[in-house]
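Chain order of the listed sequences is X and E.
Numbering-wise (this note's numbering), the first sequence opens with residue 1 and increments by one.
Numbering-wise (this note's numbering), the second sequence opens with residue 1 and increments by one.
Keep in mind that the hints were calculated from the coordinates and are not lab data.
Check the hints yourself; a few may be wrong.
Unchecked claim - Cβ-to-Cβ under 7 Å is the rule here; a few derived chain X residues that face chain E: (1) R69; (2) D71; (3) T234; (4) P236.
From the three backbone atoms N, C-alpha and C, an ideal C-beta is built for every residue, glycine too.
The lines below spell out each chain.
2 protein chains.
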Amino acid sequence: MTRPSTHVDAARLWQSHLSLARHGATAAGGVNRQALSDEEIAARRELIAATRDLGLAAFTDAAGNFFLRMDGREADAPPVLTGSHIDSQPTGGRFDGAYGVLAGIEAIRALRASGITPRRPIEVVAWMNEEGSRFAPGMMGSAAFAGAAELSAFLTVTDASGVSVGDELARMQKAFRDVPLRPLGQPVAAYVEAHIEQGPLLEQEGFSVGVVTGIQGKRTFRVTVSGEEAHAGTTPLRGRRDALLAATAIIQGLSRAFTDPDDILKFTVGRIEVQPNAPSVVAARAVFSIDLRHPDSARLRSLGDDIAGLSIDYGRPCEVTVRELSCAMSLEFPQPIRDLIRGRATDIGIRTLDLPSAAGHDARFLHGVCPSGMIFVPCKGGISHNEAESATASDLADGARVLADVLLDLAGN
Amino acid sequence: MTRPSTHVDAARLWQSHLSLARHGATAAGGVNRQALSDEEIAARRELIAATRDLGLAAFTDAAGNFFLRMDGREADAPPVLTGSHIDSQPTGGRFDGAYGVLAGIEAIRALRASGITPRRPIEVVAWMNEEGSRFAPGMMGSAAFAGAAELSAFLTVTDASGVSVGDELARMQKAFRDVPLRPLGQPVAAYVEAHIEQGPLLEQEGFSVGVVTGIQGKRTFRVTVSGEEAHAGTTPLRGRRDALLAATAIIQGLSRAFTDPDDILKFTVGRIEVQPNAPSVVAARAVFSIDLRHPDSARLRSLGDDIAGLSIDYGRPCEVTVRELSCAMSLEFPQPIRDLIRGRATDIGIRTLDLPSAAGHDARFLHGVCPSGMIFVPCKGGISHNEAESATASDLADGARVLADVLLDLAGN
Numbered sequence: 001m002t003r004p005s006t007h008v009d010a011a012r013l014w015q016s017h018l019s020l021a022r023h024g025a026t027a028a029g030g031v032n033r034q035a036l037s038d039e040e041i042a043a044r045r046e047l048i049a050a051t052r053d054l055g056l057a058a059f060t061d062a063a064g065n066f067f068l069r070m071d072g073r074e075a076d077a078p079p080v081l082t083g084s085h086i087d088s089q090p091t092g093g094r095f096d097g098a099y100g101v102l103a104g105i106e107a108i109r110a111l112r113a114s115g116i117t118p119r120r121p122i123e124v125v126a127w128m129n130e131e132g133s134r135f136a137p138g139m140m141g142s143a144a145f146a147g148a149a150e151l152s153a154f155l156t157v158t159d160a161s162g163v164s165v166g167d168e169l170a171r172m173q174k175a176f177r178d179v180p181l182r183p184l185g186q187p188v189a190a191y192v193e194a195h196i197e198q199g200p201l202l203e204q205e206g207f208s209v210g211v212v213t214g215i216q217g218k219r220t221f222r223v224t225v226s227g228e229e230a231h232a233g234t235t236p237l238r239g240r241r242d243a244l245l246a247a248t249a250i251i252q253g254l255s256r257a258f259t260d261p262d263d264i265l266k267f268t269v270g271r272i273e274v275q276p277n278a279p280s281v282v283a284a285r286a287v288f289s290i291d292l293r294h295p296d297s298a299r300l301r302s303l304g305d306d307i308a309g310l311s312i313d314y315g316r317p318c319e320v321t322v323r324e325l326s327c328a329m330s331l332e333f334p335q336p337i338r339d340l341i342r343g344r345a346t347d348i349g350i351r352t353l354d355l356p357s358a359a360g361h362d363a364r365f366l367h368g369v370c371p372s373g374m375i376f377v378p379c380k381g382g383i384s385h386n387e388a389e390s391a392t393a394s395d396l397a398d399g400a401r402v403l404a405d406v407l408l409d410l411a412g413n
Numbered sequence: 001m002t003r004p005s006t007h008v009d010a011a012r013l014w015q016s017h018l019s020l021a022r023h024g025a026t027a028a029g030g031v032n033r034q035a036l037s038d039e040e041i042a043a044r045r046e047l048i049a050a051t052r053d054l055g056l057a058a059f060t061d062a063a064g065n066f067f068l069r070m071d072g073r074e075a076d077a078p079p080v081l082t083g084s085h086i087d088s089q090p091t092g093g094r095f096d097g098a099y100g101v102l103a104g105i106e107a108i109r110a111l112r113a114s115g116i117t118p119r120r121p122i123e124v125v126a127w128m129n130e131e132g133s134r135f136a137p138g139m140m141g142s143a144a145f146a147g148a149a150e151l152s153a154f155l156t157v158t159d160a161s162g163v164s165v166g167d168e169l170a171r172m173q174k175a176f177r178d179v180p181l182r183p184l185g186q187p188v189a190a191y192v193e194a195h196i197e198q199g200p201l202l203e204q205e206g207f208s209v210g211v212v213t214g215i216q217g218k219r220t221f222r223v224t225v226s227g228e229e230a231h232a233g234t235t236p237l238r239g240r241r242d243a244l245l246a247a248t249a250i251i252q253g254l255s256r257a258f259t260d261p262d263d264i265l266k267f268t269v270g271r272i273e274v275q276p277n278a279p280s281v282v283a284a285r286a287v288f289s290i291d292l293r294h295p296d297s298a299r300l301r302s303l304g305d306d307i308a309g310l311s312i313d314y315g316r317p318c319e320v321t322v323r324e325l326s327c328a329m330s331l332e333f334p335q336p337i338r339d340l341i342r343g344r345a346t347d348i349g350i351r352t353l354d355l356p357s358a359a360g361h362d363a364r365f366l367h368g369v370c371p372s373g374m375i376f377v378p379c380k381g382g383i384s385h386n387e388a389e390s391a392t393a394s395d396l397a398d399g400a401r402v403l404a405d406v407l408l409d410l411a412g413n
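Given these sequences and hints, build the entire structure.
As structure tokens, this is what we get:
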């Protein structure tokens, strides 16, 4: 037997990234392929067409997750899952998410080429709405699949133009009438997700593959500031309840309160919406997001718990309400999966670096239902969530090689 | 001869406000009738239809201003102009702007009823884009008419969805193919604009009519903050150039720097747009408006001149550019026009209060080309630029009575 890793083709894998990146391609060379959009529908069609020769069965579920299944020798055995997501940020790159799905397909292609049918089925999954930029929070599909959240709670979430997740899921199902709908939350034997690092470590240290030790915790919030609309020329400042001014006071206040000399805490306000958002009208309402991350769960908990009280203080005289959208404490992947990834890499001469994930991933939720792990590959300058996101064909292939051999090990030869 | 003021009909004038307010009516009882919108087109149609019995001629010009002309005995004499605007803020009221146009029409109706044809023509004008909320800056139509700005400079201004003033002007012209286009900037004998006060003084002091002494100065700016897009989970805070965080630092910094113990200075940031505006992406770009007003021109000049330097300082490490969109120093209307308004009011038993205008008006630009003045009527609680904006039929009628007699005086009996 030849290891499946010997059949991974770097040029073919690279080409599959370029092909997928046509769906939602931006002028600056990035991708705008937001969750449940026309672009994502087209990208899923491409995945089906591009794998037709592999004899995979496509499935979907009520949460809009998308699976490509390679049958195993034991039809009823819970599958080994691999994959990530193909939705992107509004100005995203070609590799974030897409790599995990395309590396999974390349691994199956390599398995086929090696002539092996493993004991368990292997499924490549594209989870619904990992990014959370069109519909907040992110990772809806994997959360619903793993039972970490109720799908029903996501259905009424709307995007900036008022379109709901529920409506878009129905549209996605209609677009794939021929793809069978499976019950949400199948048993899974194991989950391994390949992803670009989205940080600088692998590149700086000269490794092509990283073994992810765990995922940094993250809490997200929506802060709503309610003031009173007024005329900018006639209303004395003392009589105003200016929602935009109050929102900026809250953001600056929290930013100062959360100053971390060690620069480990991540505090980000990436989104703000103001009403009526007119130059000569004192704003009646401002709504902004908070993304708070810290690898230490206790710190993350206490800092996040301070947000509501501080926001109310800094936001006076406006009314402030703070709603927590998601709360995920830091986690460690099980040692056996990390050892397996490191071991299969070593077997084929690839050196690995152990490192934590600063970004959140769908593997967070799968971790709750099956042994899970992640494989990182470097990305240029650690840059992601950016049209300039970049990776090398050689690094991508190294990650896919390790993944192919790991999947075989987990699925059983 | 009976004075035209005796023919002003409070109920009819009130009804004309309700009719016009149907165009762009909001659920909360306000108006969303932004410049050059479908709603404004429909409202202009209504003005033509509602005045058909008065034998007025409609005209427009390249700047999209809209005129209804009552001929005088001397066809070639420069007309007396009255009016205001019928565009509104996105969540505006039923009286701001509309009152000046409808009071002008009511005055002409009263003149017709009194059987008088004055020596000069009288024209009621609805200026294009006074509000400046869809397209910044405001008062485009009157500025272009008065030669205070080049129309060509406005044509490329776009709204939030990328539609330009030039395109919308062409659409407006097409919608009124039957309305003759006059050269921009006709000679004008005098201009009187009626408007709600947008402040609390008349109501507090118990006057139904105010003689406006002048207009508070106003400068508007657009501040562009350029940072770098980055992943909210992986990018250390020290390495970030967060455009949204920098924008909030600038807004808070300016707000502190501009603290005025006398509460006369008005500093407003009413609008902000962030890119990509996604919760887990460090913002690459933030653009916000500044509206700065002060009745003392020297103070206004020096404060406004500080904005660029302060913004660059507060906005580090992002790049900040500040562009001034409009600069209008404080002005005083000529004493003879103010005396005329006060005199005609006194003649018919209406007491007046002299007061400055804190808000900007199209009369600012007409002041540069002809003797100009303004008549204020109270609005409830001084509230405007708000769906709750309100005025009484009786106060509106008092203003129209004074306007009718003033117009006759200016046009010559």
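Quick rundown of the hints versus the structure:
Here the hint on X/R69 is broken, as its CB sits about 31 Å from the closest CB of chain E, past 7 Å. Checking X/D71 against chain E: minimum C-beta separation of about 36 Å lies over 7 Å; hint violated. Checking X/T234 against chain E by beta carbon gives a least distance of about 4 Å; that is within 7 Å, so the hint holds. A distance limit of 7 Å between C-beta atoms decides the matter here; for X/P236 the minimum to chain E is near 5 Å, and the interface restraint holds.
Violated hints, listed in ascending order, are 1 and 2; each of the other numbered hints is respected by the structure.
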